[in-house]
Each structure stands twice: as C-alpha cells, then as structure tokens.
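Use these hints to put chain B onto chain A, whose structure you have.
The chain contents come next:
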Amino acid sequence: MTSTNGTGTHGAVLMDKVPDKDAPLVELRNAGKSYGNIRALYEVDLKVFPRQVTCVLGDNGAGKSTLIKIISGLHQHTEGEFLVDGEPVRFSTPREALDRGIATVYQDLAVVPLMPVWRNFFLGSEMTKGPWPIRRLDIERMKKTADEELRNMGIVLDDLEQPIGTLSGGQRQCVAIARAVYFGARVLILDEPTAALGVKQSGVVLKYIAAARERGLGVIFITHNPHHAYMVGDHFSVLRLGTMELNASRDDVSLEELTNHMAGGTELAALKHELAQVRGVDVEELPEEEDLTAPVATPSEGKTLK
Amino acid sequence: MSMAQQAEPAVTTPPASGPGKETDGRTAERPLALRLLARPEVGVFLGAVAVYVFFLISAPPVRDGSSMANILYQSSTIGIVTIPVALLMIGGEFDLSSGVAVISSALTASMLSYQLTLNVWAGVIVALLVSLAVGFFNGWMVVKTGLPSFLVTLGTFLILQGANLAVTRLVTGDVATDNISDMDGFDQAKSIFASSFEVGGVNVKITIVYWLVFAAIATWVLLRTKYGNWIFAVGGNKDSARAVGVPVNFTKISLFMLVGFGAWFLGMHQLFSFNTVQSGEGVGSELIYISAAVIGGCLLTGGAGSAIGPVFGAFMFGMVQQGIVYAGWNADWFRAFLGVMLLGAVLINLWVSRTATRR
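As given, the protein sequences belong to chains A and B, one line each in that order. Numbering of the first sequence is given in our numbering, commencing with residue 1 and proceeding in unit increments. Numbering of the second sequence is given in our numbering, commencing with residue 1 and proceeding in unit increments.
Think of the hints as simulated: they come from the structure by calculation, not from any bench. Mixed in with the good hints, there may be bad ones.
Negatives, chain B to chain A, calculated, CB over 12 Å [as the list claims (entries may be wrong)]:
{"hint": "1", "residue": "L116"}
{"hint": "2", "residue": "M141"}
{"hint": "3", "residue": "F150"}
{"hint": "4", "residue": "D184"}
{"hint": "5", "residue": "I208"}
{"hint": "6", "residue": "S254"}
{"hint": "7", "residue": "L287"}
Using 25 Å as the maximum straight-line C-alpha spacing, the simulated BS3-like pairs for lysine-lysine come out as follows [stated by the list, open to error]:
{"hint": "8", "chain 1": "A", "residue 1": "K143", "chain 2": "A", "residue 2": "K129"}
{"hint": "9", "chain 1": "A", "residue 1": "K144", "chain 2": "B", "residue 2": "K226"}
{"hint": "10", "chain 1": "B", "residue 1": "K144", "chain 2": "A", "residue 2": "K129"}
{"hint": "11", "chain 1": "A", "residue 1": "K129", "chain 2": "A", "residue 2": "K144"}
{"hint": "12", "chain 1": "B", "residue 1": "K226", "chain 2": "A", "residue 2": "K143"}
{"hint": "13", "chain 1": "B", "residue 1": "K144", "chain 2": "B", "residue 2": "K226"}
Counterexamples of contact, computed for chain B against chain A with all Cβ distances above 10 Å [stated by the list, open to error]:
{"hint": "14", "residue": "V53"}
{"hint": "15", "residue": "S67"}
{"hint": "16", "residue": "N119"}
{"hint": "17", "residue": "F136"}
{"hint": "18", "residue": "G155"}
{"hint": "19", "residue": "D187"}
{"hint": "20", "residue": "F197"}
{"hint": "21", "residue": "V244"}
{"hint": "22", "residue": "V246"}
{"hint": "23", "residue": "G328"}
None of the values given here were measured: they were computed from a predicted structure. We put the CB at the ideal spot given by N, CA and C, even for glycine.
Excised from the complex, chain B in its bound form:
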C-alpha cells in the first residue's frame, strides 16, 4: 500500500489560491505595433490604404469626390453580401450559391409582382421568404448530412443558376424580366433599397449606409453577444462547441439564412435600381464575396475573423474594379488583381493562425 501514502499529500493539500495578483511571468508583452500587425483587420486596412494610394497616384480621376462615391457604391454592393458570407465563414462553412441567389431573389420579386399584377411589396416579401428558404435548405443539408458545405452549396448554385434562366425563359419568354417601374409601390421600395442623397454636392447611394450599418451590427453581434460567441465556436471546433452545450445546428442554419438575407437585400437593390433583372447574372460573384471575406482576415477553415476586415476587403475590390476604369486600363485586369490580393491575404492569414496556435 505504498501508493496510498503517496496519494495522501495530493489530497490534503488542495491547490492554494495565491494571495493578491500574482502573475505567471512567463509571457512577455509584445510591442503594440507587432500585436496590431498580427490582427487581420489591421493588415487588410493597410492593404486597402495601399491600393487607395496606388490608384490616387496612377488614376487622377479617383481624386474627385464623385469618383470616391462611385467606388464606395461599388464596394457596398460587394460588401452587403460579403458581411454575412464572412460570418458564415467564421462559422466554418461557405456558400457558393450566394452570387446567383441574389439574382434568384430579384427574379422572384420581379416576376411575381409583374405576372400577378401585385404591389411590388408582395414580391419583395415573397423573395425574402424564398431567399431565407434557400439559406435554410443549405444549412439544413449541411448539418443533417455532414457533407462539406462546398458540395451542398455547389449543388444549390447549379440548381439556382439553371432555374434562374429556365424559369425566366418560361415565364417571360426572354432572358430578362419585364420593367416593373410603373407598378404599385415601386417608388416606395426604390426609396428604401435604391435611393441616393446629396452630401456636399456629391451624390451618395444609400447602399453605402446600409453596408456600414450592417457591418457595425455584425461586429457588435460577433464580439458582444452569445450568438457571436457561438459563431466563433462552431467554426473553431464544432464538436467541442456541441459538447459544452452550444446549439451548433441552429447557429449554422441561421448563418446560411443570414446569407440568404444578404442576397435578398442586394437583389432588391439591383431590381429597384435597374427596374429589370438579367437572369444569367450573378455567376462568379460568390467567389468575389468569399475572396473579400478571406482578404478581410476570415479563416477559410472557420473560427477566426471579423466583420470589419471584410468591409476593407470589399473596399479593396471596389477600389480596384473602379480604379482600373479610372486609370484607363482594360477592365479585364480586375480578376488578375483580385487573384494577387487573395493569395497575399491567404499567406498572411496562414501566418497569423500559426502564430496564434503555436505552443
């Protein structure tokens, strides 16, 4: 029974609580600049500034106030969907159907109102329900089957892409929907989704406001609420999160539905600013949203990221997209730029996650 005696001291001396505030003393505080640089949002912010300065020098028209409003507008149309896409990515999943879902939503609203001669708001509401349902379907399939979201949403992407074209052809006999600008409620809906206002003589689109407000709400939710905590947890380690009582399925499904909401919002904006929808559009946008989220410091594998980073990510894309035009270059260069920025951001992300988990 020699072991029993060995066990005694362990039992009789419960861990002592140290008097006062002692510290471990083995971790040295790193300089503020280094700590800031390690934050992905700061990295992408510096990247956005660099791109801005680059075009400020190489494309003189960019210095104009109205060009800036234009660049921000372009960024906001990317950014509004990028924010929920980023939250979903932090939650460990991604959604390839987000690009065509925007068009599906706009088509639904447009065709439903026009064909049934309803108030456009009926179409808007139904489109919202359809978008949320698509999001729910994606999320439900992912959590129930355990399949990678890449596969599930690739399926939804193809379904929606095909349905967009086929249903539009079937209903209107054309590739675009009819103009709905003279229908009941159009002006009201346009004032909400696609209006603009003057700031110091510059015409500013309202989507810029929505973009920044959504980003602010998303940041608050992510960092200051239970739900935000759950998003990080289900993306960081789904099984651990489930084991400590986080509702993993609810969190994931609701994130997919949030992407549906974002797609609906942008879809409504496009519908009410152009009055008609081209059924073949939207393909490829999903990759831009995902890239903007990744550039914004969201880990593709989930568990890390922010809502502010993707704002700068979307700004970088909007800046490049418009900047190339203002600089008078061929617009085809946009995708090449996008690729270079994406690779750079991924390398930085990789380094950050390695530093953070190094033991």
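Chain A on its own, in the form it takes in the complex:
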C-alpha cells in the first residue's frame, strides 16, 4: 500500500502501527445500541482478526445494520465497549473509522451513480497537486491508479469516464471493494454484498472477499445467505432479535446448523404447528422440532448459546 502516499491519512496510519498478529483488529464487548426506547442491539460480542472472514448472519431486523453502523462510525454504541487495536473508541463520523482503517462497502455501495468511475474511486480521498490557490486534482494519476487497482482485482473496464451507474451490480460491488482495499483498509465491512446479485456475480464477489482476506484484511461479511457465508467464512455470528444467537468458528459449526440457525430453528417448528391447522398444508414432510434443534443442543467448545 505504499502507493497511497499523498492520497490521505489512512496509509500513514497503517505504517506506524504494527499491531500484534493475533490481537483482534476490532472487538465489541457486550456492546449494544438503543434508539430511544427501542433496544436495537444488546450484549453483542464480536472479534475481527486479520486474515479472517467473520460472517454476521441474521434475518431482517436482527440488528445487522445497527452493528455495522456502530463499527463504521455512522452511529455510536450506547452500551458496552468498542475497541480498535485494543483501545476503546467512539467514532463520531465515518471519516474517523476510515482513518483507523475500517472501510465499509454499503448495500447501496456508497457510489454516486452519475459520476465517472475514477471520480467515484477517489471520492473523499482525491489526489491533488500544486500549491493551495491552484491546488487541483491530479486527474492523470487518479485515472491510472484506478485502472491499475481495478485490473489487480481482475476488473477490466473500457472507459473509466463512464458514469458508475452504467456498470452492473457485481462490477459496482467490485469497484467498491477495490476502492476500500486500495485505501488501506485493514477491516473491510461488506453489507450484504451478494444480496442483489445473480449466482455468477455472487461468485465473483465471494472471490474478492477471499482475495481481500489473502491480502491480510479482516473482513466482516454481513449476509443472510448461509451458503455464501459458509463458502468464505472463518467465523460465524448469528444475530437474532438484537442479540447474538450463535458465535462459532468454522470448525464448530456445519452448514446445516448454520442454515438452521438462520431459519430460526425452534420458530420453524412452531410455524409448522401453526401450518398444521391450515387445511392443505402437508406437514408430514416438514422436520420435527427435535430434528431442527438437535445439532445445537450439544454445544461444542467456542460456541456460545444465548
């Protein structure tokens, strides 16, 4: 990331801090957030290590968005602790999170559709040249760098001048990831990157997640698709109704268990019971409650059940 010189402060932050290899980059301890009298998130523990993909799964309204908003600096936690490199922090703007190397790729990708690809790539961290009254954008260098970085991630675009809104969903996602990686992110938060994508495009995005991990980043991968999560994840946290339901590493959980947790195990059984009251629904084929909860009932080490 030496090529970031002159582009902003994140590169510099990276260089003078060499954190312990095994220490978590980002840690939440018993963290929570209330919006007025609504407790959106409580008692959440999360650790993000370098070279690991931490998957946060959860249904709609489980608190996934609140969680990433706290880590990315859009909102502040109201309970517990939030640590970066072991230091308690409280970000008041996304800029502060960025300066600590925490980059977020949002669901809407944080791109400005009508602006050209290269302007989007450098938005908020533009390269400039010249002294103040005539300090101007270094357009040549920005275009060249954006092109190189995108090619490094395997994205080939004919024309960086085209508005980013003309790219496909997968391409835009990849541009956003490439941007975060380029700007020296140590922690990459991906908010449902595969939600709106087809099978092939999802595969491309998952490949970049793996590539980002190979580059030494800690990745927080938010999704509600356990299959996608299991493809690349090293650690899985399932959120349910604002709190952690499952917190397990890859060795301790199978895809079936993960899927069950996502589907809401016991709730499904209850739903089956309800459906039994409705004529025309054949419940014989649906699994019993014991089947659904069985794997979870025998928790192994490292798995915390709430």
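Here is chain B on its own, set in the frame of chain A:
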C-alpha cells in the same frame, strides 16, 4: 464439509491481473457527434445559437454591435447570480431567496452608508457580510433540519421580501433609498462594480467581464478541484458522499454562501449603476436564475451540470429579453418564451439522465 472444498478454489486463485491492456470489449464507442449532443452544455449552446439566429433574422437592430453589447450586459446581470445558483443546484439544493437577496444586499449597503454618513465601502463590506450570513443561515437550516431547501429558502425569500419593504419604509419613509452618488468612495466603488469601457467604438459594461471570469473560475473549480468533486457528490448521493468522508455539511453551506456572494455582487452593481435601490424589486428573478441553470443543463435534483451551460442559459434569456424589444414586440412575451425554453430543456435533461444511468 463439502462446502469447504468448494470454497478452496476461490481462495487459492486470487483474481489474476491481466497481462497488458486488455479491454472489456462490450462497450462500443459511440460516434463523436452523438456523444457531444448528449452533453447538456452542447445542447444549450445550440439552443442559444438558434435563438440568436432567430432574432438576427426577425429583429434587424440586433445586428448592431451596440445592441449585442446590450444583450450581453442583460445576460451578464442574469448570469452572475446564475453561476452560483447552478453550482448550488449541482450540489442538490436550490435557493428561492436569491432574487430578493440581491435587493437586500443593495439596500443594506445603501442605507447603512447614507444614514450613518459613512464611506460607501463600509456599506459594501457590511452588505457582503449580511449576504454571506443569509446564505449561511439557509445552508445551516437545510443541513441541520434536513428540510427541503425549497421550504427553507421560501421562508427566507418571504422574510427578505417583507423586510426589504418594511425596513426601507421605516428608515427612509419611502419605497426607495436615497441617492448615494455624492458620497465618499462612490466613484471608486462604481469603477469596480459598474464601470464600462470601449471596444471598437462599442460601450461594453464591466459586468460582462466579471460574468465570464466567474464562469471560468467556476468551471475550473467544478472539474479540477476536490471541492468541485464534492459538489457533484453531495448532489448526486449525499449519503454515499458522507460515507466515503466528503464533508457534506461544509459543502452545502458554502454553496449557499456562494449564492449570497453572487447576490451581493449583483446588488452592488445595481446600486452603483442606478445610485438608488427600489425596495420592491427582485421578486421573480430567483426563478429566472433557476431556469437559466436548468436550461444550462443542471439537473434540478442535483449531481449533474456545468458552469458553462448556465452561461449559455443566461445568454439565451438575455437575448430573448432584449431581442423582443428590438423586434418591436410586446415585452410581456418574455415570460412565455422563458417557459417554452425551460420545458424544452427539462425534457432534454430528463432524456440525458436516463441515458446516463441506464443499465
């Protein structure tokens, strides 16, 4: 654990960087003429040429050099405020108070200098501060409350309109301010804001120079500086811009203050060319500025536009305003013309933005 094996290839094959310059190959280059036509500035330029040719034919006096200087002068008085209004529009907001703010600024300078018998420069400076403060207030209200700028600036518009009339009545007992032409510093200020010079026997007003210089600076800022990048970003997608670290509030507030500056500049020009200010004027000008910006290719919803387009937009308006007079028609037709041009421009803008975002 079958899934784990599936994941392996994805991890072990990081995206390869292609050798040499390969291209995607799925986008075909469109012909130059088509690409140029899709640029809003080119569209409005052609529109301005069409209007010019139309009046060249239908109104013979327009062919005279001095009429041209007159048309350009008329355009420049519209254009000087249109430029910051256009930047603000690209930044996703608009300002209904810009028309009366011109008069407020001129009234402030005039009454302050006259009533306190100060050097006119004191009034000029205070007027600048007042104009910037009005701009700051507009911007601050918009970013802090999240209300649409339409509502906030409609409020400011009404406040200023009322205050212009009421305060002038209160101070001077009349609807206009007193003549300040014999006060200290007047000649100096007039030479800056309202002088003129000869070019080949034609009397050219200095506002034309300011207009073009401001447009050139605005174009450079918009396309070649960080701040310009931010203007497009806050207008295109405010939340995205904030998320990547663009100072959204600063950008928006400063844009409103820039409109305040434009209003002040035109206000000073009017004060020093007419020596006195009519307190009821300015109402309706804000819509002309906004229309000129829209005709110039600025997207009303923000995120797209230029500073050059509004120059042609202002020229079209100035041309029509004067051209109707030279053609000997009733001047009432001006607004009708304005409406037709505005609708045409909006339809073209709509088409452009749809083409640009089509997936």
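These are the hints, each one checked on the structure:
1. L116: holds (35 Å)
2. M141: Holds: least Cβ distance 21 Å, greater than 12 Å.
3. F150: holds (21 Å)
4. D184: holds (32 Å)
5. I208: Non-interface label stands for I208 of chain B: nearest chain A Cβ at 25 Å, farther than 12 Å.
6. S254: holds (16 Å)
7. L287: holds (25 Å)
8. A:K143 <-> A:K129: holds (14 Å)
9. A:K144 <-> B:K226: holds (18 Å)
10. B:K144 <-> A:K129: violated (33 Å)
11. A:K129 <-> A:K144: The given pair, whose Cα atoms are some 15 Å apart, holds under the 25 Å limit.
12. B:K226 <-> A:K143: Holds, at about 15 Å.
13. B:K144 <-> B:K226: holds (23 Å)
14. V53: holds (32 Å)
15. S67: holds (38 Å)
16. N119: holds (29 Å)
17. F136: holds (21 Å)
18. G155: G155 of chain B clear of chain A: closest Cβ-Cβ about 29 Å, beyond 10 Å.
19. D187: Non-interface label stands for D187 of chain B: nearest chain A Cβ at 30 Å, farther than 10 Å.
20. F197: Since the minimum Cβ distance to chain A is about 27 Å, F197 of chain B lies beyond 10 Å and the statement holds.
21. V244: violated (4 Å)
22. V246: About 5 Å separates V246 of chain B from the closest Cβ of chain A, which leaves it inside 10 Å; violated.
23. G328: It holds; G328 of chain B is separated from chain A by about 44 Å at its closest Cβ, greater than 10 Å.
Violated hints, listed in ascending order, are 10, 21, 22; each of the other numbered hints is respected by the structure.
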